[in-house]
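Novice: Since the structure of chain H is provided, determine the placement of chain W on it from the hints.
Number of protein chains: 2
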Amino acid sequence: MNHDADQALVLVEESSPTTRCRILETAERFFREIGYQKTTVADIAKTLRMSPANVYRFFDSKKSINEAVVERVTREVEALIAAIAAQPGLSASERIAEIVRTLHRDCLKRCQDNPRIHEMVEAAMSESWDVCRHHVDRISGVLVRVVTEGARTGEFVAEDPAMAGQCVHVAIVRYCHPVLVSQYPNAPAPPLEAMIGFLLRALGTRAPGAASPA
Amino acid sequence: MNHDADQALVLVEESSPTTRCRILETAERFFREIGYQKTTVADIAKTLRMSPANVYRFFDSKKSINEAVVERVTREVEALIAAIAAQPGLSASERIAEIVRTLHRDCLKRCQDNPRIHEMVEAAMSESWDVCRHHVDRISGVLVRVVTEGARTGEFVAEDPAMAGQCVHVAIVRYCHPVLVSQYPNAPAPPLEAMIGFLLRALGTRAPGAASPA
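Which chain is which? The protein sequence lines are H and W, in order.
The opening position of the first sequence corresponds to residue 25 in our numbering, with each subsequent residue numbered one higher.
The opening position of the second sequence corresponds to residue 25 in our numbering, with each subsequent residue numbered one higher.
Extracted from the complex, chain H is given alone in its bound form:
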C-alpha cells in the first residue's frame, strides 16, 4: 500500500462511527481490567493503533470517554426498566417489584463482571455529576409514573405519588448503587423480596394477594 492509500484508509476508519465505538469498547475493557484511575488515553490509543491525538478528535479527555461509557450502561438499564413499566398485563405492584428486581440484578451482574466498576462510578459521580443525576432522575421518573398510575386505578393509596415514587427509589440504594453493591457486598440487608413487600406496604397496596394476577 502506498502512502496516499494508507492515509485514505486512516481517514475512512477515523470518520467512521465505529471508531467511536471501538474507542469506547477498548476504554471499557481497560477500566474493567486495570481500573479507571490507571488507564490512560495513550493506552487506549496504542491498543487501537491510533495516536492519542486521534482519540482526542472523538473525546476531549478520559473524563469524556468515561461519561460516554457510563451513559451507554445507564441507557441500557433505563431501557429495561421502561419496558417493564410499559409491559401489558401487569399490576402496578408487579411493575414496582419487577423494576426493583431488575435494577438489583443488573447492578449485581455489572459489579461481578467488573470488580473495578466503583472507580468508574466514583469518577463519574465526582467529575460528571450531570450524567449520574440524569440517570437517577430518569429511573425515579419511571417509578413515579408507575406509582401515579397505581394510585389512579386505586391499587395504591399514596397521597403524593410523585414523592412516594422517589422514596421507593432512595429506599433501594443499598441494592442498586454500584459503589455499595461492589464495595460492601457483605453489608447486612434484608432479602430483596422482603424489602419489596415492605415498599409495597408503604404504597398502601390494599391486599398483598392483589399483587399476583388471578
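It is possible that part of the hints are untrue.
No copy is singled out in the list; a pair is fine if it fits within one copy or between any two copies.
Claimed, not checked - DSBU-like cross-link-like pairs, simulated, lysine-lysine; straight-line CA separation at most 35 Å:
| id | residue 1 | residue 2 |
| --- | --- | --- |
| 1 | K62 | K87 |
| 2 | K70 | K133 |
| 3 | K133 | K62 |
| 4 | K70 | K87 |
FYI, nobody ran anything at the bench for these hints, they're computed from the structure.
The model shown is predicted, which means the values in this text are computed figures rather than measured ones.
Specialist: Coordinates of chain W only, in the frame set by chain H:
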C-alpha cells in the same frame, strides 16, 4: 530531672489509661486533617513525643487504632438511639421518626466536621468488617425493638416486625451512611420528613395523625 526520674515519669504516663485516650484523640485529629491513608503511626507517636514502639504497646497497628476510633464514634450514636427508644411518653412512630432524624443529623455533622471521614469508614469496612457489622446490627436491633413494641400495642400492623425493623434501617442508608453522605451530598433524595412518612406507612401506622402527641 535525673535519668531515673525521667524514666519513672515515662512509665507512669504510659501505663495510664489516658495515654490510650491521647493516642486515639491524636489519631482522630490526623485522620480528620490529613486523612487515614496518609497518617502513619510515626506521625502520631511524634506528636505525643513517644516512640512508635510505645504506641504499638497500646495498639498493634494503625488498623487497630482506627477500629478503636470507629468503635468510640459508633458507641456514641448508639447511645443516642437507645435513649430515644427508652424515652418515656413517645409513641412508636415518634420513636422511629426521632431515631431516623438523629442518625441522619449525627452522620451529617460528623461528615461536615471531618471531610475525610469516608477514608476511615472505608478502611474500617474493608479491614475491620466486624466493627462495622456489629454497629449496623446494634442500630437495627434498636429499630426492631421499637417496631416490635409498636406492633404489640397495635400502633403498627407489621406482620414480621423483625424484618420490618431491618427494612427501615436499610431504607435510610442514603441518609445515614457516611460514605454516601460525605461523598455524594448532592445525590437526589426526597426530604427526610417525606421519607419518614413513607416508612411509617410501610409499618402500617393506622392514622398518620397518631404520630403526633395530642
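Novice: Each of the hints needs a verdict: does it hold here or not?
Specialist: Comparing the hints with the structure gives:
Within a single copy, K62 and K87 get their C-alpha atoms as close as 13 Å, and across copies as close as 26 Å, so both meet the 35 Å cut-off. In the homo-oligomer, the alpha carbons of K70 and K133 lie at most 35 Å apart inside one protomer (29 Å), although the nearest pairing across protomers, at 47 Å, exceeds that limit. For a Cα distance limit of 35 Å, the shortest separation of K133 from K62 qualifies both inside one copy, at 23 Å, and across copies, at 34 Å. In the homo-oligomer, the alpha carbons of K70 and K87 lie at most 35 Å apart inside one protomer (18 Å), although the nearest pairing across protomers, at 41 Å, exceeds that limit.
The structure fails none of the hints (numbered hints given earlier).
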